[in-house]
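On the provided structure of chain F, position chain H as indicated by the hints.
Here the protein sequences come in this chain order: F and H. Positions in the first sequence are counted from 1; adding 2 to them yields my numbering. Positions in the second sequence are counted from 1; adding 2 to them yields my numbering.
These are calculated hints, taken from the structure and not from any lab test. In this text, all values refer to a predicted model and were calculated from it rather than measured experimentally. One or more hints might be untrue.
Note: identical chains are not told apart, hence a pair may lie in one copy or across any two.
Calculated lysine to any residue pairs in the SDA-like style (CA-CA distance at most 20 Å, straight line) [to be verified]: (1) K367 / W397; (2) K367 / A168; (3) K221 / S115; (4) K367 / G394; (5) K367 / I19; (6) K221 / W397; (7) K367 / L412; (8) K221 / V239; (9) K221 / T74; (10) K367 / A236; (11) K221 / D259; (12) K251 / R50; (13) K251 / P90.
There are 2 protein chains.
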Amino acid sequence: MSAEILCIGTELLLGNITNGNARWIAEQLAALGIAHHRQLVVGDNRERLIAELQAAPQRCRVLITTGGLGPTPDDLTTEAIAAAFGAPLVEHPQAWAEIQARLAARGRPCAASNRRQAFLPEGAALLPNPTGTAPGMIWSPRPDFTILTFPGVPSEMRAMWEATAAPWLQAAGLAEGVFASRMLRFWGVGESNLAEQMADLLEGSNPTVAPYAGAGEVKLRITARAASTSEAEALLVPVEAEIRARAGKACFGADADTLAAVVLQLLRQRGQTLAVAESCTGGGLGAALAGVPGASDVWLGGVIAYANSVKQGLLGVPAELLHAHGAVSDPVVKAMAEGARRATGADWALAITGVAGPGGGSDAKPVGLVHLAVAGPDGCSSEGVHFGDSRGRAWIQTLAAGESLNRLRLQLS
Amino acid sequence: MSAEILCIGTELLLGNITNGNARWIAEQLAALGIAHHRQLVVGDNRERLIAELQAAPQRCRVLITTGGLGPTPDDLTTEAIAAAFGAPLVEHPQAWAEIQARLAARGRPCAASNRRQAFLPEGAALLPNPTGTAPGMIWSPRPDFTILTFPGVPSEMRAMWEATAAPWLQAAGLAEGVFASRMLRFWGVGESNLAEQMADLLEGSNPTVAPYAGAGEVKLRITARAASTSEAEALLVPVEAEIRARAGKACFGADADTLAAVVLQLLRQRGQTLAVAESCTGGGLGAALAGVPGASDVWLGGVIAYANSVKQGLLGVPAELLHAHGAVSDPVVKAMAEGARRATGADWALAITGVAGPGGGSDAKPVGLVHLAVAGPDGCSSEGVHFGDSRGRAWIQTLAAGESLNRLRLQLS
Numbered sequence: 003m004s005a006e007i008l009c010i011g012t013e014l015l016l017g018n019i020t021n022g023n024a025r026w027i028a029e030q031l032a033a034l035g036i037a038h039h040r041q042l043v044v045g046d047n048r049e050r051l052i053a054e055l056q057a058a059p060q061r062c063r064v065l066i067t068t069g070g071l072g073p074t075p076d077d078l079t080t081e082a083i084a085a086a087f088g089a090p091l092v093e094h095p096q097a098w099a100e101i102q103a104r105l106a107a108r109g110r111p112c113a114a115s116n117r118r119q120a121f122l123p124e125g126a127a128l129l130p131n132p133t134g135t136a137p138g139m140i141w142s143p144r145p146d147f148t149i150l151t152f153p154g155v156p157s158e159m160r161a162m163w164e165a166t167a168a169p170w171l172q173a174a175g176l177a178e179g180v181f182a183s184r185m186l187r188f189w190g191v192g193e194s195n196l197a198e199q200m201a202d203l204l205e206g207s208n209p210t211v212a213p214y215a216g217a218g219e220v221k222l223r224i225t226a227r228a229a230s231t232s233e234a235e236a237l238l239v240p241v242e243a244e245i246r247a248r249a250g251k252a253c254f255g256a257d258a259d260t261l262a263a264v265v266l267q268l269l270r271q272r273g274q275t276l277a278v279a280e281s282c283t284g285g286g287l288g289a290a291l292a293g294v295p296g297a298s299d300v301w302l303g304g305v306i307a308y309a310n311s312v313k314q315g316l317l318g319v320p321a322e323l324l325h326a327h328g329a330v331s332d333p334v335v336k337a338m339a340e341g342a343r344r345a346t347g348a349d350w351a352l353a354i355t356g357v358a359g360p361g362g363g364s365d366a367k368p369v370g371l372v373h374l375a376v377a378g379p380d381g382c383s384s385e386g387v388h389f390g391d392s393r394g395r396a397w398i399q400t401l402a403a404g405e406s407l408n409r410l411r412l413q414l415s
Numbered sequence: 003m004s005a006e007i008l009c010i011g012t013e014l015l016l017g018n019i020t021n022g023n024a025r026w027i028a029e030q031l032a033a034l035g036i037a038h039h040r041q042l043v044v045g046d047n048r049e050r051l052i053a054e055l056q057a058a059p060q061r062c063r064v065l066i067t068t069g070g071l072g073p074t075p076d077d078l079t080t081e082a083i084a085a086a087f088g089a090p091l092v093e094h095p096q097a098w099a100e101i102q103a104r105l106a107a108r109g110r111p112c113a114a115s116n117r118r119q120a121f122l123p124e125g126a127a128l129l130p131n132p133t134g135t136a137p138g139m140i141w142s143p144r145p146d147f148t149i150l151t152f153p154g155v156p157s158e159m160r161a162m163w164e165a166t167a168a169p170w171l172q173a174a175g176l177a178e179g180v181f182a183s184r185m186l187r188f189w190g191v192g193e194s195n196l197a198e199q200m201a202d203l204l205e206g207s208n209p210t211v212a213p214y215a216g217a218g219e220v221k222l223r224i225t226a227r228a229a230s231t232s233e234a235e236a237l238l239v240p241v242e243a244e245i246r247a248r249a250g251k252a253c254f255g256a257d258a259d260t261l262a263a264v265v266l267q268l269l270r271q272r273g274q275t276l277a278v279a280e281s282c283t284g285g286g287l288g289a290a291l292a293g294v295p296g297a298s299d300v301w302l303g304g305v306i307a308y309a310n311s312v313k314q315g316l317l318g319v320p321a322e323l324l325h326a327h328g329a330v331s332d333p334v335v336k337a338m339a340e341g342a343r344r345a346t347g348a349d350w351a352l353a354i355t356g357v358a359g360p361g362g363g364s365d366a367k368p369v370g371l372v373h374l375a376v377a378g379p380d381g382c383s384s385e386g387v388h389f390g391d392s393r394g395r396a397w398i399q400t401l402a403a404g405e406s407l408n409r410l411r412l413q414l415s
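Okay, chain F solo, but in the shape it has when bound (with noise of 0.2 Å):
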């Protein structure tokens, strides 16, 4: 009763794009419970298409596709199956409604290629694609055999996972009893510190815990299973709180929570508002709070001081004092939160200045330094930190934007 993923696109033979589908799916996957012991990645070849798909009924009871549903001449996906399985492929009036009204909705004309991707086999029930014009199928053209195919565009995918297919393979019985998981958020604790912390929660198997890492986030996943969801649930309620008391503040949410959504809940609990002056991130942790849906009840802006004229100009940064300590340093990051607060009227304001390289380092103020402040009613606090240079500039930026984040939600909390 396993699943299988094959993955298919000549880009990811000729290392391209990293399969990061495979992992997303994989992680899916194991959260609802399902047996999945192998991934297939394979180009765009007709025939070696084929063939895998004719081998695939031998193994698995789920087959699991992503890509090659797109319009243009190498995607041969759909064709594919159709052929392997010896079905005609047929126009499915609903999927080409959608794609023309998906065109029509951005404005752009229908090529005929488009028309293409309303063709499915005979029997195949559509996928739909909420957000593009790639329909995929769920098929099955053996007993005991279903196909569900994907597009490789990731938010595509994703949102055809979350919307259709999980509903579908949770109806289907293929996990071995009902899963229930809850991700825990963490940051500021690194994965191998933290599970440490947890190494005794690591071996137990009913719930499991397991560990992932991110950009400067960490997270654990606990996932328990039950003959109902109910008793899987109960089954986390120990663990969490467990792991909870062990990790104290340094976990700072579940599931979908992300520290900017965190930040903009606590401060609209006390009613009030907040700013931001970024230097080296340049937009990058208003970026984070603007990708909250609602921000702008607690968010009101701020000012992208990259240059230092700007940081002068718009934050009343003194020339004084970039001048006696620099730019990336403790009097500059402080005045310009202080700054921001003034300029916008905001109960609160983070600033963020250092040297996200990879040029502009020096012996003092090396790649990865980065001085955040955070600005209150009652004062602004400041720090100098290092966050390295081997991962390079984005990897700087988004951990300095989350560090910021994280430092206002502890003096929140």
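Frame of chain F, contents of chain H only:
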């Protein structure tokens, strides 16, 4: 004469980590000109591993494995390879000497499990690991079938590849020529329209041309094969010229270019500067500019005017304009752009205001409506653009930032 990649590790099947090794090896194989038609991932399971190993010689000349070479009980690769091809495991004295030396250098004791790592199938050659304790092997258990094994730790795998495997693969005469490729990047044209415009080129076999879609951006990769790098690169030239001629200004760059980098370079050539004024993107446009190393000689920063009070206070947008037209309107976005030029002294300014959703939409101003303005030395232009509401907030924000940069690019070029 092709190669396959077999990645071994239950952590890949659980989605705990992304398979970056497969991408890296795929890129190396492409650069060496070695055909590569298949990547497989399996877990730490002896029976399934043996079955896959035994099937490989029918399909490929070289099998490259990653993972499963460590000292723990779930590291099964070497033993499974020996079992699959019926060879005994024998201790390899050089391997054992190197493991002992490596552990001694780290001040670590030699565990019994480390000695296991020195056993290779009889007849296998050592693939030395210059940075870790897990050596690999190069072994031909069948005529015209060779296995190369690597640990899963990316840094060790890469060091072993570069020191030993790449020279071995080159000397083995597996390459069918040398590959060269070029990625052309487009904005303002859909994947299917671009593909139709280039339909005849997409049918070519050397060079091949393949389309890729992203968030707003579309790409075409041209790949050529020849006896030498210079010949392969020469094959790219006429196809690139033809694509650029057909696409016109829709082609904004190649390879590692981004819209932000191209715009900054155009301004740098003119000795002019840029500022931004962002409402619904909340810093995303600035973050794209800050992603380009060395942006600071052109880009000054700007204002994140998320709240109307900031549009008035820092950008000088008149309250009457906001009242009469609303924040999402041509008069307001123009006032934002002009205000950003005035406040920062920049030659050019880009302004964005829109409804990113999911809330806040109305019949007159639906989710996905974004007004964009470009203000420069010769005046200010603006337009309302509909990005649609089907792909969500992040998509609208990404497209708005890209579209804004593209409008300035078209004015400058």
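Verification of the supplied hints:
For a Cα distance limit of 20 Å, the shortest separation of K367 from W397 inside one copy, 17 Å, qualifies, whereas the shortest one across copies, 36 Å, does not. In this assembly of identical chains, the alpha carbons of K367 and A168 never lie at most 20 Å apart, being 49 Å within a copy and 34 Å across copies at closest. Taking identical chains as interchangeable, the C-alpha atoms of K221 and S115 lie at most 20 Å apart only when they sit on different chains, with a minimum of 18 Å there against 42 Å within one chain. Proximity of K367 and G394 under a CA criterion of 20 Å is satisfied intra-copy only: 16 Å inside one chain copy versus 40 Å between copies.
Proximity of K367 to I19 under the C-alpha cut-off of 20 Å is found in neither arrangement, the shortest distances being 34 Å within a copy and 33 Å between copies. For the identical chains of this complex, K221 and W397 are intra-copy neighbours only, at 18 Å inside a copy versus 25 Å across copies, given an alpha-carbon limit of 20 Å. Proximity of K367 and L412 under a CA criterion of 20 Å is satisfied in neither setting, with 27 Å inside one chain copy and 38 Å between copies. Taking the shortest Cα distances, K221 and V239 sit within 20 Å of each other inside one copy (17 Å), while across copies they are farther apart (47 Å).
Taking identical chains as interchangeable, the C-alpha atoms of K221 and T74 lie at most 20 Å apart only when they sit on different chains, with a minimum of 13 Å there against 39 Å within one chain. Within a single copy, K367 and A236 get their C-alpha atoms no closer than 51 Å, and across copies no closer than 45 Å, so neither meets the 20 Å cut-off. Within a single copy, K221 and D259 get their C-alpha atoms as close as 11 Å, which meets the 20 Å cut-off; across copies the closest is 33 Å, which misses it. For the homomeric pair K251 and R50, neither the shortest alpha-carbon distance inside one copy (52 Å) nor that between copies (38 Å) is at most 20 Å.
Proximity of K251 and P90 under a CA criterion of 20 Å is satisfied in neither setting, with 58 Å inside one chain copy and 41 Å between copies.
In this structure, the earlier hints numbered 2, 5, 7, 10, 12 and 13 are contradicted, and the remaining ones agree with it.
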